[in-house]
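*Asks:* In the order they appear, the protein sequences are chains L and X.
For what it's worth, the numbering used here labels the leading residue of the first sequence as 1, then goes sequentially.
For what it's worth, the numbering used here labels the leading residue of the second sequence as 1, then goes sequentially.
Because the hints were derived from the structure by calculation, they are not lab data.
Each hint should be verified, as a subset may be incorrect.
To give an idea of the chain L side of the interface with chain X (calculated C-beta under 10 Å), a few residues [claimed, not checked]:
| hint | residue |
| --- | --- |
| 1 | 95 |
| 2 | 97 |
| 3 | 114 |
| 4 | 116 |
Straight-line C-alpha distance at most 30 Å; calculated BS3-like pairs for lysine-lysine [what the hints assert, rightly or not]:
| hint | chain 1 | residue 1 | chain 2 | residue 2 |
| --- | --- | --- | --- | --- |
| 5 | X | 62 | X | 52 |
| 6 | X | 24 | L | 125 |
| 7 | X | 120 | L | 56 |
Partner residues aside, some chain L positions facing chain X, computed with beta carbon under 10 Å [said to hold, decoys possible]:
| hint | residue |
| --- | --- |
| 8 | 54 |
| 9 | 99 |
| 10 | 122 |
C-beta: ideal position from N, C-alpha, C; glycine also.
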Amino acid sequence: MSGQRIDRQTTRIAGLILLAVLLGGCVNATVDEMTYNEPVAGIGESSVVILGRRHKPDYDTEFDFIECIGDHIHSGDPSIEVINEIAFINQFYPWFEPRTAPLQPQTIDRLLQLPPVAARFDEMKLEYMIWIDGNTENTESTGSMSCGIGPGVAGCFGFGTWGTESEYEATIWDFTDKVEVGRVSAQTSGQNYMPAVVVPIPIIAPVQGTACDSLGDQLLEYLSAFH
Amino acid sequence: MLCFTLLAAGCSTKQVVVEGNFPKPLLDPLPITLGVIYPSAFAEHEFFDEAKGRAESDWLVKTGEAQVEFWDILFDGMFDEVVHIRDWETVQRRAAEIDGVLIPAIGDLQYTVPTHTNVKIYEIWMRYEFRLVDIAAIHQQEDGALSFNLDERLAAWPITAYGKTPTAFLQTDEEAVNLAAVVALRDAGAHFVTSFGGTPDVAIWLDGIARREQDAARSSNDQVGDPQPVVDSAEASTAEGEPDSGEAL
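Could you build all of it, start to finish, from the sequences and the hints given here?
*Replies:* See below:
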């Protein structure tokens, strides 16, 4: 009787693992784009900086996400120079801190009234400033897992699942004209699974990576003459 | 043994000595020679918070060294010359060239970690009290320590700072609190830079310095007689009487 119950439970877990393997890695992505004044010949020898918004109380745009988009653009078109975010913020300290960062392209003119700031921007030959706002969060989780440890034996048994959602919006500022020239947004979501028969095996949906690829592709298309 | 370890882990003290790399500010320095006094409570600042329950830990956050390192870099970039006043000898030797003395203090520091709030963010909030005094307001106590009279200050203003960092995979509580403290320090610097000239009493002090420099330039151009000694409002106010109470630094 007890053996039958264990068999049924094992079958159920195996079914869930199979389902997880089939669904694992499935990510839904929605991308919206609205851009104008596209640089049809590319940006030449000018550079681009991608910065995360971090002034909201409940979240920060992740530094590694900004780095991921920069890498995506540079690997797609090596002629585009993407300035490292942390290096940029440090070089312009304290003008791009969460408290002081410009929220509108028009306010850059106020920064350019400071001679050392204007001189540094000139050195950089900055053409576009791209602000990314958003983050990735885990959502509802269900399932249960129990782990035990005994003399010479340890293991877990159960099944857990949780969702992950990303929502990012990129705002492109033309640094020469101090105007906004486009917005690109990406929303992605996916389900993660953690089946455990002795050893827990996490099957993680690449939600943030997909958002990075989606947003990176759109920005690359805008900035590069070859895409 | 395992139970004992788990119990002990719950009661342990988490200690953070704040460390970070702080950038030089991108500014044209103000043409001012600023004296700076870091009181020992500031230079050795630490914050201790006792655990409220068995699931929490005691926290000891030492910010003093990072405070001094950060504000030194900021002041060096913001003012033409910075003179660290550590003893009475420096006060006497450099008094003529120092335009004012800045004395920072930490009024309050609060922090939250995810175990306190169930929000996956580490936060640090600080409130500074900055006081600007004339060099003439600095006195030597009988034991040799420096002090100043609160009534003789040129300006006093608060600066608040906030730093947060989200929980991150493979980041310990201590690393996250350190990062939040570094973000808070940077925010304090940004707040200081952007509000310094706009603080009413500081603006009056800056105007006074600019006016004195203009007068000095004009008189040297006119070459009429010997230069006059500079008398400012702080000296005038101290002439009313000797201070009867002072704040030890």
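*Asks:* Look at each hint and say if it fits the structure.
*Replies:* Hint check results:
1. 95: holds (7 Å)
2. 97: holds (4 Å)
3. 114: holds (7 Å)
4. 116: holds (5 Å)
5. X:62 <-> X:52: holds (20 Å)
6. X:24 <-> L:125: Holds: residue 24 of chain X and residue 125 of chain L sit about 21 Å apart, inside 30 Å.
7. X:120 <-> L:56: holds (14 Å)
8. 54: The hint holds - residue 54 of chain L has a Cβ within 10 Å of chain X, the shortest such distance being about 8 Å.
9. 99: holds (5 Å)
10. 122: Check failed: Cβ of residue 122 of chain L comes no nearer than 13 Å to chain X, outside 10 Å.
Of the hints listed earlier, the one the structure fails to meet is number 10.
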